[in-house]
Amino acid sequence: SSNKTGESTSDSTTTETTDTKDAAADTATDKTAQGETSAEGYEIALITDIGTIDDKSFNQGAWEGVTQYAKENNKTYKYYQPAEKTTDAYAETIELAIEGGAGIIVCPGYLFEEAVFNEQDKNPDVKFILLDGEPHNADYSEYKTSENTMAILFQEDEPGFLAGYAAVKEGYTKLGFMGGMAVPAVKKYGYGFVQGAEYAANEMGLSSVEITYNYTGGFEATPEVQALAAAWYGAGTEVIFGCGGGVGNSVMAAAEANSKAVIGVDVDQSPESDTVITSAMKKLSVSVYDGIKSIYDNAFQGGKTTTFSAANNGIGLPMETSKFTTFTTADYDAIFAKLAAGEIEIKNDTTESDAKTAINALGLKIVKVDVVE
Amino acid sequence: MEYIIEMLDITKEFPGIIANDNITLQIKTGEIHALLGENGAGKSTLMSVLFGLYQPEKGVIKVKGKEVKVNSPLDANDLGIGMVHQHFKLVHNFTVLQNIVLGMETVKHGLIEMKEARKKVMTLSEKYNLFVDPDALISDITVGMQQRVEILKMLYRDNEILIFDEPTAVLTPQEIDELMNIMRNLTKEGKSIIFITHKLNEIKAVADRCSVLRRGKYIGTVEVSDTDKEMMSEMMVGRKVNLKIDKKEVKPGEVVLEVKELSVKAKKEGHTKNIVNHVSFQVRKGEVVCIAGIDGNGQSELVQAITGISGMDLGKILLNGEDITKKSIRYKNTHGMSHIPEDRHKHGLVLDYTLGENLVLQQYFTPDFQSRGFLKFNKIDEYAKHLIEKYDIRSGQGSITSARSMSGGNQQKAIIAREIDKNPDVLIAVQPTRGLDVGAIEFIHKQIMEQRDNGKAVLLISLELDEVMNLSDRILVIYEGEIVADLDPKKITIKELGLYMAGSKKEEVKHHE
Amino acid sequence: MNEAKHKNMVGLLSSIFAIVVGLLFGFIVLLASNPTQAVPGFFTILTGSFTHGLKGIGQVFYYATPIILTGLSVGFAFKTGLFNIGTPGQFIVGAFAAIVVGIRGDFLGSAQWVVAVLASIAAGALWGLVPGVLNAYFNVNVVIACIMMNYIGMYLINFIVKGSKTLFDSLRNQSLSVDKAAEIPKMGLNLLFPESSINGGFFIAILAVVLIHFILNKTAFGFELKAAGFNRDASKYAGMNEKRNIILSMAIAGALAGLAGGLLYLAGSGKHIEIVDVLASEGFTGISVALLGLSSPLGILLAGLFIAYITAGGFYLQLFEFSTEIIDIIVAVIIYFSAFALIIKTFIERFDKKRNGGK
Amino acid sequence: MNVVFSVFQQTMFFTIPLLIVALGGMFSERSGIINIALEGIMIMGGFISILFINLTQGVLSGQLQLLIAVVIACVAGMLFSLLHAFASINMKADQTISGTALNLFAPAFAVFFARILQGVQQIQFNNTFRIESVPVLGNIPIIGDLFFKNTYITTYIGILILVLSTIVLYKTRFGLRLRACGEHPQAADSVGINVYKMQYAGVLISGAFAGIGGLVFVVPTSTNFNASVAGYGFLALAVLIFGQWNPMRILFASFFFGLLKTVAASYSGIPVLAALGVPSYIYKMIPYITTLVVLVFTSKNSQAPRAEGIPYDKGAR
Ligand SMILES: Nc1ncnc2c1ncn2[C@@H]1O[C@H](COP(=O)(O)OP(=O)(O)OP(=O)(O)O)[C@@H](O)[C@H]1O
Ligand SMILES: Nc1ncnc2c1ncn2[C@@H]1O[C@H](COP(=O)(O)OP(=O)(O)OP(=O)(O)O)[C@@H](O)[C@H]1O
Ligand SMILES: [Mg+2]
Ligand SMILES: [Mg+2]
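Residue numbers (the working numbering), protein chains in the order written: chain A, 1 to 373; chain B, 374 to 886; chain C, 887 to 1245; chain D, 1246 to 1562.
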């Protein structure tokens, strides 16, 4: 990327070596970030959910996928923001996107489940890509993924597992997990993380690993989160898995102040701070990219749910940018292969709302989790 | 050069009113020049023009024969013009010294330097007999002292032309005498004074010449020594004014209001003395009882305790024999007590309400004006019109005029109309004529006497000794929160009364049982 | 001209002036950021919801409902001399009470929504009552008490919802949906405005506007409250119970904001209480609505509709290359210029003078 | 002991922005103009200065960059507050109106222009400003740990602002005149003080400080700026009232608030508190509840400037 604004904001994106690189950089350089004009409107649309397009999570990842595909294939694209956070508003925005000429609509997040459930059959000519959820009605009594809809789920517990595993293998014994809102994706990351740590501790024959565990309740960078992270670091925590959009930024701020380490989430966050030793990634943008591609290639897997996991190389740690000294790429490949082969069972039931109960149900032996509420 | 100040053909308009209409005023060097006029005649406006607060539409100002532009008080100050404003312009939480130097501070290394200022103030204060405590907060000192601060402010600025806008309205007789002396001393030092007052005997006492304004127009200038009070008041209002009250003999009836051992504790830290200390008295039907005293001796607190506006710590209040100590203001309002408050803007009126609404401020909830929670607007309007006519309340648009736009005198009339028309058993009137012109005063005095003559009880609180002597049947003197004398106005002189008020004379107060 | 009429005239004209300036400013920003699309974009802001037929209009009414009520809450308190910046807290507490009844009150049958609405009113009133009591009895500044109550309300509701198995949807980190019977009936509005989220809540908001108008302008109670708003000392002097009035004012203001929360979360549009530590924006919008509506109930109704309308326009503006924040900018400029009544007043006076002088 | 130090250092991150912004508000209100736009001005100051840091990354870094950013935040805040000054002073508008308008305008503007400039609304920055330990001073036992380790130059700027504010307010001609305008503008006018000028000065100082406060708030606590200061402008307003418009009391109030907030946020890293097992929401509510309780006992005599909020009209009687 040679554009001037691209360079100045490039820290967050250009050093990435993953396939999201170009798309991400384009996000930053595109003047309005709203895509390209065309007489008939915009073919590919993305509806944002709670956060904005740069939420470092679903919206951003999905948008990168959209941008990348559209740029490469000269398609028009655009994103839309709902007026409020209600099912009705999501539906209204979907209709606005269709009015704006969209043939493909990407809906990033489980909040769209109902809206897509309602809209998919109303608009059979439009293709829907729903991330992190499956269409169902208001009271969950009916699930239906129509032919024009593709649901994509992620096995977040797996990258979480890898991160926890790597951290303990790296020699850390005092870990922290700081999730954003306690939504299923975040919970799965967390459950995977502690189980990965347990798995490594078991392998290494450690007698004890401690994990402090908390959901901050939001996806924003706030002084409160920074203070909490600073306190954990101050109390001896060596590495914190900052798992929830802006939360990670506050954790990084605290880590910088305490010379401690951070594990990033969703995308490779190493450019954002030197304290990021690795990131638990799910290949959001790839999934969206591939989904859109399949539509144009007439290979659309409508009516089905696709799960991105180790098995289809949909998750992982960015070993190229990771700052491990002990944990090697070979170690990583080995554990990844086991995951991919389904040799490791990770518990990921997110229905329990009480964090303590949920963690207890994981049956950890070596790892001691201190749930902070 | 004879005239130090000449204001020639000054015209100043406000929206809807010409406050100064082609006025000419000439002040001789070293004289005390009185400026006389009814409320709203345009005196303060004219002085504000001279002081640079307002820019006139037309006219010329000359100082020592030279034409000048006075664009701001700063210019006025440079020209040696100083002003004591009708409403004091003092910052309540600054010290006396800070108020005096404000705007003329000396600065050393960027910081305020007070040492020299203090010296200068102390010198001035001794020279002109203007005692002040330089470190006292304005909010802690008496009105008289505040006035001295205002005068010192002018002297500190070495002003030669001093404007006093109604300086005596808030002073006690002793303080007034003192002020007159100060003014004479100042002219001896070569200063020239413009003196605004409604009180003709003050003009007689100190002024050399007097200019009269009426409704924004210049009427004329007279030598005070050649003129009598009647003539001046006629010039002022354009008709003869009767300044004497004819008082009928009325035999006091039974007790209406009784106050027993009422005390109000000091609010400020460090003060231990009660503001009101074990005060007891009675007011009977058909008598005007006046509480006289120098401002700040507890009379305001006493009244506020009786009427319920602020609290009391000890004692009992009986109205028609009923203990109303713990009763609400509303209860007192509706059970025979009326109250003309000291501060008409703070308590007396809701300035943003219309005249009509203000006239029913204590009665809007009665069945006459309200049913099932809804106001009867036509009834309110009717009643307001009735009062406006009966009490000659003048305003731009009758009952729908907003109270804010009414003149002070008419605002006061509205309050009096409201309070008297309730037909109270006891009327508590606090300084009912403060700052009003003779015409308005005459009217209000008549209303108060009518109450008495109709067999009502009146409790009058006033700082004006003339008023006290003229109206009351009995005078209670309050000094430092205590009643120190119970006097018959027919048997004492103003001088004596003044001595009681100053605390230098005391009598055993017996209670009328 | 009659004084009161004159005042209204100045108010109305300055609001119109402000709106014109605000829109003009918005247009300039659009021009500056994307000249080719500025004209159609601006046109969309102006006509957005009308181009989407009855549904668009229905949406405007739907969006207007809560902000009219929070605006009414702020405006009513203003009229009584209090600055109720506590609407975000009252709003969310009201919403909470509504969803509690909405989720747990299935035994109430068809009365469930009514009880839920009443609960929201009561909860909001309670939340408004606290600053009122603190101010009346302890002289605590209303603004600061309200700010504190906002945060306490937000955290408390999050705490309770998250801790309750019957209220919390742990899969979505938000409150569960309310029962069907707790959703406010459409009252025929869905026929008039098909497919839009509008519901009977709009009628309730209108009712509240009328009610507050009557209270303020026609009743003895309103007379007292306004007197206190203009001059607290004088109202006390006149025997009005100022402490009681402060408390009642704040409670009523709170009730209105609480109702706003209740109506929105019972609207059946899929709104849930999210467990996020962020104050409700509908509360702050109420301040804008009240200011633009000059704190008068009727003005607030119009201002609420206007802001909802232009916000909807901003939503449709997404068909072009603009981000919706432009609407916030426009509204901010409108509010700002509505403060310039002085210019309008001088203008009218000059005009009057000329006319009178001409005669 | 370590816990004490880190809690204290952390407390400073909360205290300093509150302190600076509340002091700014103090100058405005002491001149007679209520400024509820502090939140908006913080956002504006934060936005422009963080944007500057972002754009000069790689060219500039460290304390110099931060200092320039402080100046920029200060100027941005001042310029933005001019709008409030103009409406309140020249237009004699209701001061809540323009305050509300500014609060609404700032975040919308920040998002809109961040999008235009860089596509996304969040502005990234590299924090190269932290001072591990101030040379020499950092080695002093206890004091060094409390005040001179893990800190930012902005902390000292905050303290400097406090000291200067106190001196300016109470010891200089400007301060005396400013206070006079907030208490009794007619009195100030009558002694030749230009009230409008003083009020402009008051509002501009509040803008300058709030602008700096926006930057100071963001730098230690995040690595990006997202058009928000999380309600700290409103909290600063509360601190100002809590602190009774008096610099030292404002310091106390902001420290009190900062400490409670820190404890609320970080209790899980404080062994004694963590052991209690009290839910975090209780801690989150404590600062606000405590403030209310304290206010109940301290509000009897308000020291609010008498003329605040009333537009000064030279011609009015
Ligand atoms: N700022 C103003 N705006 C509008 N009208 C004003 C203003 N100041 C004075 N007036 C009007 O101008 C007229 C003259 O007022 P001014 O205060 O000069 O009277 P005055 O002679 O000093 O009266 P008083 O004896 O009551 O002090 C009055 O009618 C008054 O209402
Ligand atoms: N500030 C003002 N704005 C508008 N109108 C005013 C203002 N002040 C006074 N007026 C109007 O000007 C008229 C004259 O007021 P003025 O103060 O001269 O009364 P006045 O005749 O002297 O009566 P009084 O003896 O009671 O003071 C009144 O009718 C009043 O309504
Ligand atoms: Mg008058
Ligand atoms: Mg006068």
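Keep in mind the hints are simulated off the structure, nothing from the lab. Don't take every hint at face value.
Claimed, not checked - Restricting the straight-line Cα-Cα distance to at most 27 Å, the calculated cross-link-like pairs of lysine-lysine (DSSO-like) are:
hint: 1; chain 1: A; residue 1: Lys144; chain 2: A; residue 2: Lys347
hint: 2; chain 1: B; residue 1: Lys795; chain 2: C; residue 2: Lys1129
hint: 3; chain 1: D; residue 1: Lys1337; chain 2: B; residue 2: Lys493
Note that the coordinates shown come from a computational prediction; the quantities given were computed from them, not determined experimentally.
The hints, checked one at a time:
Taken as a hint, the A:Lys144 and A:Lys347 pair is honoured in the structure, with Cα atoms around 26 Å apart against an allowance of 27 Å. Only pairs whose Cα atoms come within 27 Å are accepted, and B:Lys795 paired with C:Lys1129 is accepted, the gap being roughly 25 Å. For the suggested pair D:Lys1337 and B:Lys493, the alpha carbons sit about 39 Å apart, so the restraint of at most 27 Å is broken.
The earlier numbered hint that this structure contradicts is number 3, and it is the only one.
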